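So the sequences go chain by chain: A and B.
Quick note, the first sequence lines up with residues 34 to 357 if you use this note's numbering.
Quick note, the second sequence lines up with residues 56 to 398 if you use this note's numbering.
In case anyone wonders, no lab produced these hints; they're calculated from the structure.
What you are looking at is a predicted structure, and each value in this text was computed from that prediction instead of being measured.
Just so you know, even glycine gets a beta-carbon here, dropped at the ideal spot from N, CA and C.
Be aware that one or more of the hints could be misleading.
As the list claims (entries may be wrong) - Label-pair ranges, simulated between beta-carbon atoms: (1) A/354 - B/315: 27 to 37 Å; (2) A/355 - B/319: 35 to 45 Å; (3) A/336 - B/319: 43 to 53 Å; (4) B/90 - A/100: 44 to 54 Å; (5) B/197 - A/324: 48 to 58 Å; (6) A/55 - B/108: 19 to 29 Å; (7) B/182 - A/186: 37 to 47 Å; (8) B/137 - A/190: 49 to 59 Å; (9) A/56 - B/225: 52 to 62 Å; (10) B/225 - A/317: 20 to 30 Å; (11) B/93 - A/55: 17 to 27 Å; (12) B/197 - A/98: 23 to 33 Å; (13) B/186 - A/63: 39 to 49 Å; (14) A/39 - B/225: 19 to 29 Å.
Unchecked claim - Far from chain A by the CB rule (all over 12 Å, computed), these chain B residues: (15) 122; (16) 125; (17) 186; (18) 248; (19) 288; (20) 291; (21) 318; (22) 336; (23) 345; (24) 388.
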Amino acid sequence: MYSAEEPLLRVKDLLLHFRAKRGIVQAVDLVSFGLDRNEAVVIIGESGCGKTSMARALLRLLPRNVHAYSGAVELGGLDVMKLPEERFRREIRWLRMAMVPQAAMNALNPVIRVGEQVAEPAVVHQDLSRNTALDRAREMFQLVGVPDDFVNRYPFELSGGMRQRVALAMALVTSPDVILLDEPTSALDVLTQANIMNQLKLIKWEMGMSFVLITHDIATSSELADRVAVMYAGQVVEVADNTGFFSEPLHPYSEMLMASVPRLRGDEEPGFIVGQPPSLIDPPTGCRFAERCPHRHDRCSEEPPVFGHNGRSVKCWLYEKGWS
Amino acid sequence: MAAVTNQVESLISASGNGRGSSLLSVQDLRVWFELRRFGFGHAGYVRAVDGVNFEIGTGQAVAVVGESGCGKSTLMRTILGLNRPTRGDVVFDGRHVKDLSRAEMRAYRAEVGYVQQDPYGALPPFMNVRRALREPLIVNGIRVESEQSERIHKVLGEVKLTPVPEYLPKYPHMLSGGQQQRVVIARAMILGPRLIVADEPVSMLDASVRVEILSLLRALQQEHHLAVIYVTHDLSTVRYFAERVMVMYAGQIIEQGGVDAVVRNPLHFYTQALIDATADPDASNAATCRDVPPGEPPSLVRPPEGCRFHPRCPARIDGLCDVEEPPTFEPEAGHSTACWRYQ
């Protein structure tokens, strides 16, 4: 599920299972996708599909109850999964792969000035002096659209949109290769959301930044996506480029999810998907979407492999015999 | 009362019960919260709702659209009788809500159902579905168990939580978000209200179930001839739910009209901005930036002079928009806006 040339980030068969009281939770189950330089890949999925666990698995930010953790995460050809923890912390996390976690705007330290907080990764990871790092923080503030004299403010003095921008500045300050954005705009208002998406586009175009954007909001995801990966019940069920995906989603789940988006322009009535995703503790053995799928047939009790064609891939038996 | 009836006459709405067509009338409503400095000393007011007028007829579905902090939740809480108006009034079926006694207030709340934003937060975690639905019945004096049971079965059937006996013993954490929201809707419906206030009822739910819940609310609204106020920040869902929409900005309604008229031909620049900022899924979105007005909504403690949107408005008329508050103009029949460009 990745392009033929050497991509910037290549995730192959990433797996993360947790231990829970009632059994093993297969939160991320053999996820593969790729990301080229200066590209944004969007991971679309509903709550509980494992998209946040996937982001944490990429950055190795794991809780204690991990049952299994494996796969390959190649960053510029280097498989960072093989690195020892200390080297990963020192050389990869934040320096080459940074993250804006969900609700980051509420995660700022309330008693430290926001400028100091943005400068900190540069001090820790790049050994910059405090003053150089603060200058760098000022540059980042301008880049994300916050007046640079805000460095001396405390989080409570900023609005939600401004705090979200500060969290983004914190991820940018070390100039990483890839930034993971976990639902970066979901708690924000419509206009603020559009503003931040604009800012992300500019950062991508002007700095050549690469993004992994995790979201449940399909309309907003189309603002940044070059490529789309759809997750369902811990697995990636479809990978496609943006034009292909938004004009013709192939997997039945992608198709129904797309049809459930209410549109401001256009008259088609939105639909919905009956039923619920399966439990990740004991998922069905065949296709995990089969129970809710209108195209279900006998074959679906067997787990479908990934069928690929023209840079698109789909995990569904409908595409076994090729593409219509 | 006479004035109310006059206003009512001008409304286009179906009258189902012969009591006149206006069910709810909000008249020059202002809800201000006082700010204090360290216990005493006065620091001003937060003008959360500042001069709002509208009418809703029996059986009408109306949407209120606005960003967080624009006063839409305060407005709803005032309609529900949870906040007292500072000035102006809410009149429900001829009764002034702020003058109701405790007993009258209880009767009023039986007629107005409330669907909260976060279903998990709205349902007590220690009450199963049966208990959560019995609560409003007990409070309103329906104590005969057979009648309780009959009502609970009927309402759960209406929100399509069937087979009913399967859901009765379940606790909120055992239900999905969509199912929890159905229980909340059932609870709002169980006393047979005439008005439902739904405050962002689907914003916490997944995309694939949002439409399902909205269609359910829509079906209930039509079947029971309910008036519904649907509060949302998401313009794209409004078209599927309401006939009329009101756009709020900084404590005031700046535009209202039929949904199609407002979406296709917005009059106020703020409405235009909301529409421009709302994306439909399309690959071409990634290639261009959206046109978004600069700045953020103003402080409600010291709102700007004149039109509250003027500091962000590309078409402001200097010497007018920044001096005098615009009254409401009605350039098209049934479609009005508070903007000086239409005087």
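We went through each hint and held it up to the structure:
Checked against the hint of 27 to 37 Å, the C-beta distance between residue 354 of chain A and residue 315 of chain B comes to roughly 44 Å, which is inconsistent with it. Distance hint for residue 355 of chain A and residue 319 of chain B: a CB-CB separation of about 43 Å, consistent with the stated range 35 to 45 Å. Between residue 336 of chain A and residue 319 of chain B the beta carbons are some 47 Å apart, a value that agrees with the proposed interval 43 to 53 Å. Between residue 90 of chain B and residue 100 of chain A the beta carbons are some 52 Å apart, a value that agrees with the proposed interval 44 to 54 Å.
Roughly 39 Å separates the CB atoms of residue 197 of chain B and residue 324 of chain A, a value that falls outside the hinted 48 to 58 Å. Under the hint 19 to 29 Å, the C-beta atoms of residue 55 of chain A and residue 108 of chain B, about 55 Å apart, miss the expected range. A hinted range of 37 to 47 Å holds for the C-beta pair residue 182 of chain B and residue 186 of chain A, which are about 44 Å apart. Remark: the range hint 49 to 59 Å for residue 137 of chain B to residue 190 of chain A is contradicted by a beta-carbon distance near 30 Å.
Distance hint check for residue 56 of chain A and residue 225 of chain B: the Cβ-Cβ separation is about 21 Å, which falls outside the suggested range of 52 to 62 Å. Under the hint 20 to 30 Å, the C-beta atoms of residue 225 of chain B and residue 317 of chain A, about 23 Å apart, fit the expected range. At roughly 51 Å, the beta carbons of residue 93 of chain B and residue 55 of chain A sit outside the given window of 17 to 27 Å. In this structure, residue 197 of chain B and residue 98 of chain A break the distance hint of 23 to 33 Å, their C-beta atoms being roughly 47 Å apart.
Checking the proposed 39 to 49 Å range against residue 186 of chain B and residue 63 of chain A shows it holds: the Cβ atoms sit about 43 Å from each other. For residue 39 of chain A paired with residue 225 of chain B, a C-beta distance near 52 Å fails the hint of 19 to 29 Å. Chain A draws residue 122 of chain B into its interface by the beta-carbon criterion, the shortest separation being 4 Å against a cut-off of 12 Å. With a closest Cβ-Cβ approach of about 9 Å to chain A, residue 125 of chain B is found to fall inside the 12 Å limit, against its non-interface label.
With a least beta-carbon separation of about 24 Å from chain A, residue 186 of chain B lies farther than 12 Å from that chain, consistent with its non-interface assignment. Chain A leaves residue 248 of chain B outside its interface by the beta-carbon criterion, the shortest separation being 25 Å against a cut-off of 12 Å. At roughly 6 Å, the least C-beta separation between residue 288 of chain B and chain A is not larger than 12 Å, which violates its mark as non-interface. For residue 291 of chain B, the shortest C-beta to C-beta distance to chain A comes to about 4 Å, within the 12 Å cut-off, and the non-interface label is violated.
Distance check for residue 318 of chain B against chain A: the nearest CB is about 7 Å away, which does not clear 12 Å, and the non-interface claim fails. For residue 336 of chain B, the shortest C-beta to C-beta distance to chain A comes to about 5 Å, within the 12 Å cut-off, and the non-interface label is violated. Distance to chain A contradicts residue 345 of chain B as a non-interface residue, since its nearest Cβ pair spans about 5 Å, not more than 12 Å. Non-interface status of residue 388 of chain B relative to chain A is upheld: no Cβ of that chain comes within 12 Å, the nearest being about 24 Å off.
In the structure shown, a violation is registered for the earlier hints numbered 1, 5, 6, 8, 9, 11, 12, 14, 15, 16, 19, 20, 21, 22, 23, in ascending order.
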